[in-house]
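A.B. asks: Just so you know, the sequence shown maps onto residues -20 to -1, 1 to 188 in mature numbering (1 follows the signal peptide of the UniProt record, and there is no 0).
The set of hints was computed from the structure by calculation and includes no laboratory data.
Here the structure is a predicted model, which is why all the values come from computation and not from measurement.
Please note: incorrect hints may appear among the correct ones.
What the hints assert, rightly or not - Lysine-lysine pairs mimicking DSSO-like chemistry, simulated, CA-CA at most 27 Å apart:
| # | residue 1 | residue 2 |
| --- | --- | --- |
| 1 | K90 | K178 |
| 2 | K78 | K145 |
| 3 | K78 | K88 |
| 4 | K145 | K90 |
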Amino acid sequence: MFTKSIAIIVVLATLAVVNAQFGGSITSNSRGGADVFTRLGHQFGDNKRNFGGGVFASGNTLGGPVTRGAFLSGNADRFGGSLSHSRTDNFGSTFSQKLNANLFQNDKHKLDANAFHSRTNLDNGFKFNTVGGGLDYNHANGHGASVTASRIPQLNMNTVDVTGKANLWKSADRATSLDLTGGVSKNFGGPLDGQTNKHIGVGLSHDF
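Model the full assembly from the supplied sequences, consistent with the hints where possible.
C.D. replies: Dropping the structure here:
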């Protein structure tokens, strides 16, 4: 069943690539280089109801593992969902499912809720699931915040993540932005029980 689902995603995503649009982003990485994300896909429908799919790839300009995959997504009014399958060099593969719902939106503010599940197969043979959900807030000026809770049952590990973004500058065409970002994550249970990670930085990103 798992293999058949992946095959269906790949076939439908490949069909969506016909007459597809190319896009992506480049974002500076505080650990070095820049993270590059590219996507080739097509969307059918309008802003209220649509369906689409395609292929994607991501990596860092300094090298390292590259992730490649295919995706399908759909939206109807304020509800949506997506399926994706990706493979990362020298790591493994992940099959992900996500549902989202818009809770509130006006000309300035947007609040969304999401739930997700993924199945990861590592190259060393270890397999695990990740389940969770969260809330995402975005402001028209480019500010945002999110809180996410996730669990890996095989490791009895629970994680809570809180992140935020403040836009410092945006180009006239809104394609390039300079943002202050930060976040904190806390692990409960499992091999990383009690561990807290914090990060803060300034990043430049460009959408194309």
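A.B. asks: Does each hint hold? Answer for all of them.
C.D. replies: Verification of the supplied hints:
1. Simply put, K90 and K178 have alpha-carbon atoms about 26 Å apart, close enough for the 27 Å limit, and the pair holds.
2. The straight-line distance between the Cα atoms of K78 and K145 is roughly 23 Å, inside the 27 Å bound, and the hint therefore holds.
3. In summary, the hint linking K78 to K88 is supported, as the alpha carbons are separated by about 25 Å, within the 27 Å threshold.
4. Distance check on the hinted pair: K145 and K90 sit about 14 Å apart at the alpha-carbon level, within 27 Å; holds.
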